[in-house]
Amino acid sequence: MSLGDKDSVAKHDRSKKASTRTEAVVFDFDGTLADSFPWFATEINAVARDWGFHQVAPQDAARLRHLSADAIFRELCVPRWKLPWIAGDLRRRMARDIGQIRLFEGIEPLLNQLAGSDLRVAIISSNALENIRRVLGPSLCAGVEAFECGASIHGKQQRLKRLSRRLGLPAPALLYIGDEVRDIQAAHRAGAKAGAVTWGYNSEPALRAKAPDHLFRQIAEIADQLLANPDA
22 MSLGDKDSVA
32 KHDRSKKAST
42 RTEAVVFDFD
52 GTLADSFPWF
62 ATEINAVARD
72 WGFHQVAPQD
82 AARLRHLSAD
92 AIFRELCVPR
102 WKLPWIAGDL
112 RRRMARDIGQ
122 IRLFEGIEPL
132 LNQLAGSDLR
142 VAIISSNALE
152 NIRRVLGPSL
162 CAGVEAFECG
172 ASIHGKQQRL
182 KRLSRRLGLP
192 APALLYIGDE
202 VRDIQAAHRA
212 GAKAGAVTWG
222 YNSEPALRAK
232 APDHLFRQIA
242 EIADQLLANP
252 DA
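The sequence shown runs 22 to 253 under this note's numbering.
No lab work stands behind these hints, which were simulated from the structure alone. Each residue gets a CB set at the ideal place from its N, CA and C atoms; glycine is no exception. Check each hint, because a few of them may be wrong.
Mimicking SDA-like on lysine to any residue, the simulated pairs with C-alpha atoms at most 25 angstroms apart in a straight line are [said to hold, decoys possible]:
1) K182 <-> R141
2) K231 <-> Q206
3) K231 <-> N250
4) K182 <-> Q206
5) K182 <-> R229
6) K231 <-> W106
7) K231 <-> G120
Distance ranges between label pairs, derived from CB positions [unchecked claim]:
8) E151 <-> A232: 32 to 40 angstroms
9) P130 <-> E166: 34 to 42 angstroms
10) G164 <-> S40: 34 to 42 angstroms
11) L248 <-> P79: 18 to 26 angstroms
12) A167 <-> R113: 31 to 39 angstroms
13) P79 <-> S173: 25 to 33 angstroms
14) R183 <-> R113: 22 to 30 angstroms
15) R113 <-> Q246: 34 to 42 angstroms
16) Q76 <-> N250: 24 to 32 angstroms
17) S40 <-> A167: 19 to 27 angstroms
18) R238 <-> S40: 22 to 30 angstroms
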């Protein structure tokens with residue numbers, strides 16, 4: 022496919038997404054709904070020691086927020102073959118410390134608002150289902166129609182496609198909201214709309230560079246934009 026053909030396909034995909042009404046809001050969990058980064062920051066160097074990759078120096082933490090997941094793995098010299106085991110180790114450590122993880126302020130009323138609307142709500146995350154359920158609690162979980170948990174680092178695209186089939190909706194009717202560059206990329210590749218939040222891991226410039234369909238700087242903006250404009 023030539024560059025011109027790729028541009029035409031991309032324009033067609035953007036037009037199709039823009040003309041399709043959003044029927045389901047799909048959230049990432051860590052960094053989007055849950056403020057888990059402080060926990061992650063205190064745990065990552067212990068994981069690095071156990072798995073033999075570079076530790077994160079305090080002066081490097083802010084710079085890493087501008088990088089994609091792949092770039093961070095290269096920076097820290099994390100072998101790709103170790104990623105599934107490292108992810109599993111992090112999930113187990115979080116389960117141990119789950120009482121330390123809290124939702125961002127404003128997420129609980131947001132989820133309650135969405136549950137009372139015509140929009141369907143789902144969660145796709147690399148975290149474990151049990152961890153997510155324990156942080157959300159039974160009441161908020163009741164408003165989530167579907168969970169796709171334990172996704173691999175680069176497996177969210179396939180999870181979005183599977184969720185589209187589970188919900189019986191075309192991919193452009195899904196809006197996937199996350200805090201990382203890879204969440205935007207997964208949404209684009211799955212044919213879904215991409216929403217990015219600026220209160221999570223990746224910096225706003227890094228997120229904007231990947232052209233999300235929606236950019237949210239405050240939690241209240243999610244309900245304001247989606248409920249006020251059902252065709253968004």
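Each hint tested on the structure:
{"no.": "1", "hint": "K182 <-> R141", "verdict": "holds, 16 angstroms"}
{"no.": "2", "hint": "K231 <-> Q206", "verdict": "holds, 7 angstroms"}
{"no.": "3", "hint": "K231 <-> N250", "verdict": "holds, 23 angstroms"}
{"no.": "4", "hint": "K182 <-> Q206", "verdict": "holds, 13 angstroms"}
{"no.": "5", "hint": "K182 <-> R229", "verdict": "holds, 24 angstroms"}
{"no.": "6", "hint": "K231 <-> W106", "verdict": "violated, 28 angstroms"}
{"no.": "7", "hint": "K231 <-> G120", "verdict": "violated, 34 angstroms"}
{"no.": "8", "hint": "E151 <-> A232: 32 to 40 angstroms", "verdict": "holds, 35 angstroms"}
{"no.": "9", "hint": "P130 <-> E166: 34 to 42 angstroms", "verdict": "violated, 19 angstroms"}
{"no.": "10", "hint": "G164 <-> S40: 34 to 42 angstroms", "verdict": "violated, 28 angstroms"}
{"no.": "11", "hint": "L248 <-> P79: 18 to 26 angstroms", "verdict": "violated, 41 angstroms"}
{"no.": "12", "hint": "A167 <-> R113: 31 to 39 angstroms", "verdict": "violated, 24 angstroms"}
{"no.": "13", "hint": "P79 <-> S173: 25 to 33 angstroms", "verdict": "holds, 29 angstroms"}
{"no.": "14", "hint": "R183 <-> R113: 22 to 30 angstroms", "verdict": "holds, 25 angstroms"}
{"no.": "15", "hint": "R113 <-> Q246: 34 to 42 angstroms", "verdict": "holds, 37 angstroms"}
{"no.": "16", "hint": "Q76 <-> N250: 24 to 32 angstroms", "verdict": "violated, 45 angstroms"}
{"no.": "17", "hint": "S40 <-> A167: 19 to 27 angstroms", "verdict": "holds, 25 angstroms"}
{"no.": "18", "hint": "R238 <-> S40: 22 to 30 angstroms", "verdict": "holds, 26 angstroms"}
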